[in-house]
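Heads up, the sequence shown is in our numbering, so the first residue is 3 and it goes up one at a time.
Keep in mind that the hints were calculated from the coordinates and are not lab data. Warning: the hint list may mix true and false statements.
With beta-carbon atoms standing in for the labels, derived distance ranges [said to hold, decoys possible]:
hint	residue 1	residue 2	range
1	T164	E45	39 to 47 Å
2	E72	V96	21 to 29 Å
3	S125	T164	21 to 29 Å
Virtual Cβ for every residue (Gly too), placed ideally from N, Cα, C.
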Amino acid sequence: MNRRRSIPSAGTSAKSASTAEEATVSTLTIETSTVSVIALVGETTIVRRSPDARHHAETLAALVAEVVEEGGLPDLIVAGTGPAAFTGLRAGLVTARALARAWNVPLVGIGSLEVLGRTALDSGTGPVVAVGDARRKEVYAAEMVPLGVDDVSVTWGPEVLTAQMLATRGPGRYVGPGAALYADILAGGTDLEIDPEAMVRLAKSRISRAEAGEQLDLGTEPRYLRRPDIG
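Produce the complete structure using the sequences and hints provided.
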């Protein structure tokens, strides 16, 4: 297994993450808000996806092992914090925390809808409404506009609501699995996969903003927005 060239101090602070950025940074991204998407972003990008959204815990270790075996250990870990279903989100964040401790690297959390929105804004104009499938005939949604070329500014959300309620807020550019699922209600809704490189750019922007004194939440507390499904 390849080793990274430097190991920054552990911790979740912006300062620790910035230390990693100053080196030759290889970033492991872990996103489990829908399917499992694991990527190692550095000089090249290595991506592994699993379409099995109900067995995150069983597939994550294998996906991480594959990208690390090919690309080496990371200097920084970025994890999606949801909103999402309880089981998948918890599996991703538990894995991210365990790896950060084991490898002694910084860990930061980024909202999954914000990453989805940044991905969409890379190929179009704003505002954009990122929409996830919340099950129970509901969606997770947040509207955002671009903040520079790497970040987003959230204008409302994230919220849990029905697609019908979301549609009453007016026409919008709806993207994501929830938008595709309810495309008959959310006019023009299209599916979109999260881009790991957009996730890294967004995280680095937040790290820089926090280091400059802005109060930002870079923690890895999960955003469930409602009680977990039972049964």
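Hint by hint, where does the structure go against what was stated? Just the numbers, ascending. none
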